[in-house]
Amino acid sequence: MTEKEVIEAIEYMQKYQTETDRIEAKTAEIDFPKKCYDTFSSFSNKYGGIIIFGINENNNFIEQDVYDVNKLQKQITALCTNSMVPKLRPDFLPIIYNNKKLLAVEVKEIPQNQKPCYYKGAGMNKGSYIRIGDSDEPMTDYEIYCLQSYKDGIQEDLRPIKRATMEDLDKEKVNRYLEKVKEDKPNFAKFSNEKILKLSGIIENSTGIVYPTLSGIMMFGEYPQGYLPQLFVACVVVPGVKLGDVGEMGQRFDDNKRVEGTLDEMLDQTLNFIRRNIGTKVVIDNNGKRENVPEYPMKALREAVANALIHRDYSISRESAYIYVQIYDDRIEIINPGDLYGNNRIENLGTDMMLEARNKNIVRLLEEKGDIIENRHTGIATMREEMKKLGLPEPEFSSLRGDFKVTFRKDRASNSEQIEKQNFTENFTENFTENFTKSEQKILKELSKNPTITQVELGIILGISKRSIVSNMRKLKEKNKIKRIGSDRKGYWKILK
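For reference, each letter of the sequence shown is one residue, going 69 to 565 in this note's numbering.
Derived by calculation from the structure, the hints in this document are not laboratory data. Every residue, glycine too, gets a C-beta built ideally from N, C-alpha and C. Possibly wrong hints are sitting among the right ones.
Pairwise CB distance ranges, derived in the manner of DEER restraints [as the list claims (entries may be wrong)]: (1) G438 with T275: 28 to 34 Å; (2) G116 with R469: 15 to 21 Å; (3) E464 with A146: 40 to 46 Å; (4) D322 with I130: 34 to 40 Å; (5) K367 with L161: 20 to 26 Å; (6) K176 with R344: 48 to 54 Å; (7) D322 with Q523: 24 to 30 Å.
Can you make the complete structure from the sequences, with help from the hints?
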């Protein structure tokens with residue numbers, strides 16, 4: 069943190085009249101703010117950030133002297149040392165800006181295995197916060213559980229399913245696996261079949277009673293949903309661009325299917341459902357041969373569905389949630405329970421930094437079987453490349469505080485509409501920089517891509533709080549730049565020229 073960075077942060081807030089997911093303003097003109105532990109908690113639990121004391125958010129983010137820079141530093145140090153768990157060690161930088169004494173405090177993200185950082189006076193469940201846009205939001209019980217299970221190294225895919233027995237595993241599938249693993253791993257050949265299954269995490273017998281594990285049931289079960297009924301894939305085709313739209317006959321879904329079975333069976337059935345419900349286009353090659361090509365690349369969709377099945381959260385806390393595949397007129401969305409795991413980040417998708425797997429045993433078993441995971445760590449790159457081949461936008465990845473969504477879009481607009489959209493995107497910054505704030509520009513860009521997007525989804529995608537979204541949308545309406553067409557549930561946003 070340098071003085072230049074702090075001044076740039078102040079100028080940003082004053083220009084755009086908003087804080088961000090990494091910048092917070094606090095007044096401290098009279099005394100130490102009564103409540104700021106929430107920001108220390110949220111910054112340390114997310115990506116870190118800078119808190120600038122001496123900036124009045126409620127008065128156009130103008131500068132105000134802090135009451136006593138030295139005393140304020142001591143009080144912050146006491147709060148971070150005595151009242152935060154784990155203890156925090158922020159960096160301080162007093163500065164003079166426009167003849168006002170300010171204090172900038174940099175809070176660093178703590179290691180993943182030390183999260184959540186919480187305010188001791190409220191306890192972990194009520195004193196843990198997460199930064200969402202410019203807001204410090206209480207962490208949900210599920211978010212806290214995820215951090216705790218990561219810290220404790222809990223492998224949910226190894227937990228025994230105590231209602232099941234060995235009779236619930238498909239003997240033929242198990243025997244094929246045993247033959248293959250003995251061939252690939254000669255040292256396994258000297259063990260009994262039961263020991264191999266235990267070492268492979270397919271069964272658990274620490275109590276003397278043999279139980280299939282979750283991995284065993286989901287990989288080799290005769291009917292996994294008999295014991296885990298919600299671990300299925302819900303596939304629907306919506307006759308429109310959002311849930312709630314109805315077709316010409318008044319139907320809410322053109323097709324829907326509950327997909328059950330083992331992981332590989334659900335993958336195949338889900339892809340079959342998608343294949344029969346998406347259109348095709350005729351392509352003629354250089355030899356004049358006609359070929360029907362799906363309007364979405366099936367290789368990309370296969371990777372996305374496989375990732376959802378493999379990396380979803382299988383913990384008891386999300387056992388009642390299922391994977392959702394939604395086919396709309398303009399896009400396909402694949403939503404799985406469980407956000408990115410551990411240190412994984414959206415910006416690192418498709419890079420060597422995405423190396424942590426939630427369900428390590430399932431991943432290993434699939435690698436050994438070789439029927440779903442052929443080339444590990446190449447799935448994201450495959451999705452992007454396959455979409456590019458068909459001239460379609462890159463897949464979009466969204467973190468939804470407990471769920472993870474992949475969106476594949478297509479463009480059904482006419483040529484003139486395509487040109488208009490392209491010109492709008494290319495000239496966006498040039499046309500709107502002077503008249504619209506940065507937050508308003510971001511909102512307009514998202515609305516241009518997805519007119520039916522909700523304000524909640526906008527906040528999540530852009531990292532802006534609900535309060536700021538509502539405020540910015542109101543200002544855009546006042547500037548006569550956007551208009552709501554139709555009802556809140558069935559309408560869409562129109563960008564006005």
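Comparing the hints with the structure gives:
| no. | hint | in the structure |
| --- | --- | --- |
| 1 | G438 with T275: 28 to 34 Å | 32 Å, holds |
| 2 | G116 with R469: 15 to 21 Å | 19 Å, holds |
| 3 | E464 with A146: 40 to 46 Å | 44 Å, holds |
| 4 | D322 with I130: 34 to 40 Å | 56 Å, violated |
| 5 | K367 with L161: 20 to 26 Å | 50 Å, violated |
| 6 | K176 with R344: 48 to 54 Å | 51 Å, holds |
| 7 | D322 with Q523: 24 to 30 Å | 27 Å, holds |
Consistency note: the structure conflicts with the earlier hints numbered 4 and 5.
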